[in-house]
Every structure is written in structure tokens, then in C-alpha cells.
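> Below, each chain spelled out in residue letters.
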Amino acid sequence: MRVTDLTLGLLTLLGGIAIYISAIEFQAIPGQAYGAGTMPRAVALVTGLTGLFMIVKAVMEGERLPGLNLADWTQSPAAIARLVSVLVLIVAYIALSPVLGFLPTAVAVMTIGMLILRVRWWIAVIIALVAAIAIQQSFGRLLLVPLPRSDFLSFLW
Amino acid sequence: MQFVKTAAALGGLLILAGTVSAQEYPERPIQLIVPWGAGGGTDAVGRLLGAEIQRELGVPVNVVNRTGGSGVVGHSAIANADPDGYTIGIMTIEIDMMHWQGLTELTYEDFDILAIVNADPGGVMVSAESGFDSVEALLESIKSEPAGTYKASGTGQGGIWHVGLAGWLLSEDLAPDHVTFVPSQGAAPGLTDMVAGGVDIVPSSLAEGRSMIDANRVVALATMSAERQDAFPDVPTLAETTGSDWTVAVWRSVAAPDGLPDDVKTKLMDAVEVAYNSDAYQTFMADRGFGLRWAKGDDATEIVANDDAAFGEVMKQAGLAAE
Amino acid sequence: MSTVIDAAQLVFQPYVLLVILCSAAFGMFVGAIPGLTATMATALLVPVTFFMDPVPAIATIVTATAMAIFAGDIPGTMLRMPGTPASAAYVQDAYALTKQGRPEAALGASLVFSSIGGIFGTLVLITASPVLAEIALKFSSFEYFWLVVLGLSCAVFISPGSPARGLVALFIGLFAATIGLENPAGAPRYTMGSVELMGGVQFIPAMIGLFAVSEVIRTFIKRGEEVRPPATPGKGIFRQQAKNLVTYPVQALRGSAMGTAIGALPGAGADIAAWISFAISKKFSKTPEKFGTGHVEGLVEAGASNNAAMSGAWIPALVFGIPGDSITAIVIGVLYIKGINPGPMVFITQPQMIYAVFIVFLLANLIMLPLGWLAIKGARQVLSIPQKVLMPVILMFCMVGSFAINNSAFGIGIMLVFGVIGFLMEENDIPIAPAILGLVLGPMLEQNFVTSMIKSDGSFIAFFERPIAAGLGLFTIAVWMIPLLLLLLRRRPPAGVSEP
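Top line first, the protein sequences correspond to chains C, Y and X.
Taking the UniProt record's numbering, I'd label the letters of the first sequence as residues 1 to 157.
Taking the UniProt record's numbering, I'd label the letters of the second sequence as residues 1 to 323.
Taking the UniProt record's numbering, I'd label the letters of the third sequence as residues 1 to 500.
Fair warning: there could be bad hints in the mix.
In silico lysine-lysine, BS3-like type, Cα no more than 30 Å apart, as pairs [as the list claims (entries may be wrong)]:
id, chain 1, residue 1, chain 2, residue 2
1, X, K290, C, K57
2, X, K377, X, K138
3, X, K222, C, K57
4, Y, K267, Y, K296
5, X, K283, X, K99
6, Y, K316, Y, K151
7, X, K138, Y, K143
8, X, K377, X, K222
9, X, K99, X, K338
10, X, K286, C, K57
11, X, K138, X, K243
12, X, K290, X, K243
13, X, K290, X, K222
14, X, K99, X, K286
15, X, K290, Y, K151
Here chain X is said to cover these stretches of chain C; the calculated rule only asks that three of the stretch's residues, wherever they fall, bring their Cβ under 8 Å from a Cβ of chain X [claimed, not checked]:
id, segment
16, 58 to 69
17, 134 to 147
Computed Cβ-Cβ distance ranges for the label pairs, DEER-style [stated by the list, open to error]:
id, chain 1, residue 1, chain 2, residue 2, range
18, C, S22, Y, K316, 22 to 32 Å
19, X, L245, C, L142, 45 to 55 Å
20, C, P66, X, T287, 30 to 40 Å
21, X, L484, C, L96, 48 to 58 Å
22, X, W480, C, R120, 30 to 40 Å
Don't read these hints as lab results, they were simulated from the structure.
Note that beta-carbon positions come from the ideal geometry of N, C-alpha and C, so glycine has one too.
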């Protein structure tokens, strides 16, 4: 999935404009000419200019319409499903770890991840368990990172 | 050791199964939230107190840094935790300012304040190359020059030393922005900038400028406290010199979310008191040049409330408060 | 001379040496875990140092941080999870070497030249502290502004391929840096009412997302079936580096010197040092086209530079008690507690203490070599694990690391968002490294620009009024104008700009 120079130039220009509009409400420090809006506006300006430059250059090199070249994997529903599965796993960890506690959630996330990549199930479970305990011991106990705990399985904490 | 404790706790659980509230507080690790970064003064105070509270209560006290948003993130995390005594935190003076700035709804009333454990008065510091040797001479010069000639720095926009400076200027019948404030990310960058010739005054606590004062790069002209500071006996108070009655001090406190059960609150307050009086804490604070101050429970809350009102007043006049 | 002997007697005691060894191992461990920083290692050690004498207390922290900074390169090289923004400068090359089955070439270079840079910085610290500190004290926001602009300019020089796409990446980073409350005005921006967003985008979770999570996503798409060349047996980590030293002596020296100089500035640090060094290395390289494809030249220079900057940061810390970064800030606190008040007087009143600290510095940078060798040997085992087993575990590490930086699930959210952004960027040949640069330097740019304008009452001329600022400013403008002038003179686009 690769956008052409012209497309990226247009997107960049639009991004610059969007940042500029969003920055209008930011006010200067009382009694000063500069403040919260200075930086976003400056970023918007250089972003917009870069976008314009890219558009001009692409047009000069013969591009006429914004285009998009699709990579091979976008043709495979299974590959797209695997992409989405990574995001789902992360969201699931964020949502479930405060409820279930670190250990069960981590084991589940890693096991499912490995199953998606077609690791044999018993290998997946064993490795997930070992890795989760190792992370919990090193981060949680040695380095005092407050990993999510819950009353469920809390004796392992 | 940990294992033995866990096993003991587990055994206790089994024995007392059925009697729900029989468990005596505390029976599991306590989290102590520090709203500022690892390595700063507040972090050091939190870690040291945490270690002493741990010794007193017999359960681990884990220090957790929740930084960002000029303290809003960490203070919100403390206030939003369950008031069960297993989450406490170091509450800093910013709690009395951020709600005036309109950054958050959170005020000191959302906390059960256990104790104030430290206070450092603001000061007036100038570069050694500035030629000022007294705060009267500095004030004279500020008054005679047009507004905005002098620049000060040492904290963020609307931060404690900004408010401290504005309050002092008001007390000397000057406009609160007669000296332009240049926001910085703390006292150290402000002091460095002053020595480099970027700004003229840093109104932060003298403790923060100590190494530069010792190195004869910075001159401390005054302290914004009612009495002289032990660590800086030669530095006069504002009242002694210009006659201003303005005082300001940055304090640190130990606080818990509002609504702590009474027995838990008493137990925690006593533990903090023991920690405060420990040799380790007392010598640490003296060695770092931090000011010791003790106020417990309601006394502490009163100090916090008074500052809240005073800062609100100054911030409104200085245009730092949100409408 | 007797001072040095006194100092040596303070250091060369079984107890102190044991402390150095233990804290070295601890620092190596913490640094090698993604998401935990050298600052975190130091903070965890502070309570331990309360019970020690001054020399072992300082030795603990100095050693642990030196190790942690190097060890941060290990996850960067093996898993594409740079531990610090400083190592993000060259993670592209390091990871490319791993993919070719030669992680030792990358880690070896980073180890040996980290050590060389650290020792160089220490020697400068010993010989020239007071002089350098005087210069560093002349830097105010005007000078830092130019330095940051110079650092940002590197985005164009370091990005492989089209400079325009490098700029797009930089702007993504700069924009992300504006989110939150930490700006000179103290006004919330793009927070959408969220308290967590007031804290802004922390760069460690963002970095983990951009580099590591995007890699995990790619592996999942390919179902972990990408075949890697088998790891070639190490030909002796140190022998390779002897060859590198002969091939790139100028680079090593230049990186060390640049790192020390930038590190000595209290408002700059290892990050800017590594980026500028990497850009210089590419600019003056005979083979700039090899950068980004697993070339050690940039690793040599930037690796030396960031460790030299660590040593450089101690110059203002010891001479004036001014912390250059969060680590020196912690150590200054510990020094006070131990009754050593940093400042010019300490060189006169307690010279043996200062020399003891110097000796510890040298020891720490030397002990890094054998311990680092062990760590590299251990780390290479990671490569023998199949991708399809490794990637879900890495994903877990990413999440725990992002959580640990501020102990909040919000960090995982940042990681997720930037993981997707990073994936899309790389799919479109937009380099990732400049985005990190923008994220790290954006706040500094804003702070120094806005405060400078307040100080100068709105006059741009002030940026050229002070001698150092004027010099830096003219140099920065020259860096930008000369390629443009050449471009106009030649009247055709330079090679490498047009994409196929």
C-alpha cells in the first residue's frame, strides 16, 4: 500500500491546513505576542509548504491524478485479519488486564497470538506461561512496576 | 521473606474466611503516587518517606511516578483511586493553583490530607554579575525602570514562583506583571538561564539555588518567609528589608483520596509522623537543604486551604486565573 | 599526585569493587529490558545508596547508568525496540544487521565505541571541566534554539530516500509533540478533555509503537514465515571492532568530541548528540547511500557520541551543580546527602573525592566491555527462536514496557496508535526516525523559541545579538542555504531525490 508523491503531497497540504485551523483557538500568553498557538501554527505552515512543494514536483514529473499502489497483502483477507488481530490483542489486554490481573491476561494474549501464527497449541501455552511469569517476576517484583493485580489469582503477586 | 509474608497473609485469609472485615489494614502493598518525575526533589521525598512508612506498617510501599500535565495527571490519579488506604500520594502545592487556571476541577477538597512534611519559602535571587547587593536596590531599580524591563524565570507559566513573584510585586504596589515572567521548566533551567544572562531574577526557593549560590554565581537577596531560614542565616526576609508582608512557600504533603475510613486514616497519619521523625528523613532533608515542616491532618488541611485562597486572589489579579 | 593515590585508595577496595560489579550487572539488566530507562535504574538505586559511604554510593549510580545506556542498544538491535531516543538514531542500521544474521557486528560496535566515547568524555571531564563549564554557562535560550534547529535539520540528512518524505515524518513528530499541557503557555492543547492527554505523548511508548509494534504487525501479516539468514557464528566481537577502529578512526574521534561538547550543555544531551553525530557521519561518509542498510559507520560515530555525552553531562554537574539531565539531577542529590557539595569549591576542599569519582567513571567504562560481551552472547540466543513464537512475546514486552514508563495503561494506548502510524509510514516509504526526532526536540524548540521572544520583547534580531547564538545561527542558515544554492546553480534535482 503505497501512496504516490502527488497523493502524499495533497494529504500533507490538507494536514497542514487542518493543524492551522485547529490552532486558531490557542491563545497567546497574556501580554505577549506568542504562546500556545505559536508552535502549531509554525508546524502547520512548514507542513503546508512541504505539501505544496511535493505537489508541484509530482506534477512537473508527469503525475496527473492522485494514486495508490496496493501491496500484495491487501489482496488477502486472511492477512488483513491477522493485521487486525494484533490491534485487537492490544485492546483486549488494555481492557481485560485490570479486571483479570496481569498473569491470566498476558498468558491469554500471548497464547492467542502464537495460535494465530500457527504455533502448536501446547507449545504456545507453555511458552506463554513461562514468559508471563518471567515478565511478572522481573517487572513486577524486582523493578516494582505496578502491573495490574486483581483478587483473582492474587496469591501469585 | 516476601514469600513468608505472602504465605502468612494467605493463611490468615483462610483462617478468617467468613468474617469479612476481620482483615486488619494493611494486608497488601501500598502504592505511593508521585506526580513528578523520577529524580526530582518530590520523587526523593516520596521514596524516602515510602521506605520509612514501609518499615512502620510492615507492608511494601511501592513508589509510582505518574508524571505529566504539570502535575494534573498524577494528582488526578491519587484522587481517583479507591479510598481504601492502599493508594496514597505526595500532593504538591500545584493542587492550589491548577484549578484556578482552569486545568482541572480537582481541588484539595478531593483529598484526605494526612500531613505536610516539607516547606521551602520562595526567595529573590539575582546573578552575581548583576551588581545588586540588596533587595532594596533591586526593587528601586525595578520601580524606576518601565514595566517589562526586568525579566524573571524559574517555573512554568502560572507556576508557584510565578505566583510568588506576582504576589510580591502586588505587595510593593506594583503591577503583577511589572516584571515580565519567562516560563521555564523548573528552577534549575531558570537559574542557568539567569547566569547565562537570559533573565534577571529567579524567585524560586533558595534551596534550589544553593549550589549556584555556593559557587558565587548567584546572589540570594531575600527570602519570602516570615523568619530567616536556618540554612541561609545571612539572607534577610522581605519584611526586614522592603517591609513587604508577602510570604510564599512551596510545600509537599502526603495525601490520600477523599473518604478514607477513620481507622485507616489514623493509622496512616501516625505512620507518616513516624517516618517524618525518622533520622533518615531528618538528615536527608537537612543535607539537601530542604526545609522541614510538620503539620498533621486538620492543621495541614488548614494551611492548604489558606494558600488556596491566597493564590486564587493573586492569580486573579495577575490574570493567571481562568475566567 | 598524592591526591590521585588517595583517591585510588578510596576506590580500589574489595567492597567498592564488588558494589561496582553488582550495580553494573543491575544496570545491564534494567537497560536491556525495553521500556525501562537509565533514569529508572538510577531512581531505584537511590534508596540503596542511603546506607553507603560516599564513594560506593556514587560508584553505584555512575556504573549502573553507563551500563544501562549501552544495554538500551540491545533491544534496539535485536527487537527493533530502542531503549532511548539516542539509540533511535541508528536503530535502522543496527536492526538491518540483525536481519542479515549479524547482530554482533552492530552490538559489538555499539559496545566498543560506547566505551571509547565514555572514556574520551571522562578524560575531557578530568582535564577541561572548568573551561568547558564556563562556555556551557553562556548558553541561554537563544543558543539552544539554534542548536535544536540544527538538530532538526538532521532529519533531512539522515532520511534515506526522498528528503520530502523525511520532512513529512518530522512534521508528524513535531505535531504529536504539541499535544498536552507542557508548553510555555501552560495551556492544554488537543487534550479533548482527557487528563491523561494533558501529559502529552511520551516518547518511549511512541517509540516502541513506531519501531517495534509496526514490525510485529508486519510479521503477523506475513504469518511469521519470513526466512532469516541463519545467524553467522561470531568471529570474535572485539576483533571486528579493532578493524572498525582502523577503518573509522576519524568517525570515532569526531563522535566522541561532538558528544562531549553537546553533553556538557545543561539544556541538551545524548539525544541531540547522537542525531547530530549520525547526520555528520552520513554527510561526510564516502558511502552515504549505505546508511540505513546495515552500515556500521554511523553506529560507530553516534554510539561513541551518546556515551560521550553522558560523561559530558557531568561537567556542569560537578563544576556548578547544574544537572544536565535527569540522571545527573539524581546524582547531585545523592552527592549533597553524602556531604559533597558540587561546585568549584569541591575541587579544592575534597579533591580526592572528585578524583575518586573520575576513577569510577573510567572503571565503569572498562567493566562495560566484558559485561557487555556476556550480554551480547546471551542476547544472540533470541535469534534462534522462531519468529512466530517470538513476536507475540515481543508484543507483550512492548505493552509492559509502555505501561512501565508512567505506570499507566494510557502508555499502551499511545503505543497502539503509534504502532499503526508507524506501520502506515513504512508502507509508504516514510522514514520513522525523523518522527522521533520531532517528538523529542519539538518541545525544546517551542520552549526556547517562545521564551526567547518574550525575553527580547518580540525582536528577531536578538537571535543574532549574542556571539555564540550568532555563530550557531549563521552556521545553521549556511547548512540550509548551501545545498539550495548548489541546487539552483546546477538547475537540476540532486541524485536520489526522485523516486522511481
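> Each hint needs a verdict: does it hold in this structure or not?
Now for the hints, and whether the structure bears them out:
1. A distance of roughly 26 Å separates the Cα atoms of K290 of chain X and K57 of chain C; the hinted pair therefore holds under the 30 Å criterion.
2. Restraint check: the Cα-Cα separation between K377 of chain X and K138 of chain X comes to about 45 Å, which exceeds 30 Å; the hinted pair is violated.
3. Our distance criterion of 30 Å between C-alpha atoms is broken by K222 of chain X and K57 of chain C, whose separation comes to about 34 Å.
4. Proposed proximity of K267 of chain Y and K296 of chain Y is supported: the alpha carbons are some 12 Å apart, at most 30 Å.
5. The straight-line distance between the Cα atoms of K283 of chain X and K99 of chain X is roughly 25 Å, inside the 30 Å bound, and the hint therefore holds.
6. The straight-line distance between the Cα atoms of K316 of chain Y and K151 of chain Y is roughly 21 Å, inside the 30 Å bound, and the hint therefore holds.
7. Between the alpha carbons of K138 of chain X and K143 of chain Y the distance comes to roughly 28 Å, so the proposed pair stays at or under 30 Å and holds.
8. Proposed proximity of K377 of chain X and K222 of chain X is supported: the alpha carbons are some 29 Å apart, at most 30 Å.
9. Only pairs whose Cα atoms come within 30 Å are accepted, and K99 of chain X paired with K338 of chain X is rejected, the gap being roughly 47 Å.
10. Using a Cα cut-off of 30 Å, the hinted pair K286 of chain X and K57 of chain C holds, with the two alpha carbons roughly 29 Å apart.
11. Restraint check: the Cα-Cα separation between K138 of chain X and K243 of chain X comes to about 40 Å, which exceeds 30 Å; the hinted pair is violated.
12. At roughly 18 Å between alpha-carbon atoms, K290 of chain X and K243 of chain X fall within 30 Å of each other, so this suggested pair holds.
13. Restraint check for K290 of chain X and K222 of chain X: satisfied, since their Cα atoms lie roughly 26 Å apart, inside the 30 Å limit.
14. A hinted pair counts as satisfied when its Cα atoms are at most 30 Å apart, and K99 of chain X with K286 of chain X qualifies at roughly 24 Å.
15. Between K290 of chain X and K151 of chain Y the CA atoms are separated by roughly 50 Å; this puts the pair beyond 30 Å, and the hint is violated.
16. Counting residues of the segment 58 to 69 of chain C whose beta carbon lies closer than 8 Å to any beta carbon of chain X gives 1, which falls short of the minimum of three for the stated coverage.
17. Note: the segment 134 to 147 of chain C has 8 residues with beta-carbon separation from chain X under 8 Å; the three-residue rule is met and the coverage holds.
18. Distance hint for S22 of chain C and K316 of chain Y: a CB-CB separation of about 29 Å, consistent with the stated range 22 to 32 Å.
19. Taking the beta carbon of each, L245 of chain X and L142 of chain C are about 37 Å apart, not inside 45 to 55 Å as hinted.
20. About 36 Å separates the C-beta atoms of P66 of chain C and T287 of chain X, a value consistent with the hinted range of 30 to 40 Å.
21. Separation of L484 of chain X from L96 of chain C is about 54 Å and conforms to the stated range, judged on CB atoms against 48 to 58 Å.
22. Taken as a hint, the range 30 to 40 Å is violated for the pair W480 of chain X and R120 of chain C, whose Cβ atoms sit roughly 57 Å apart.
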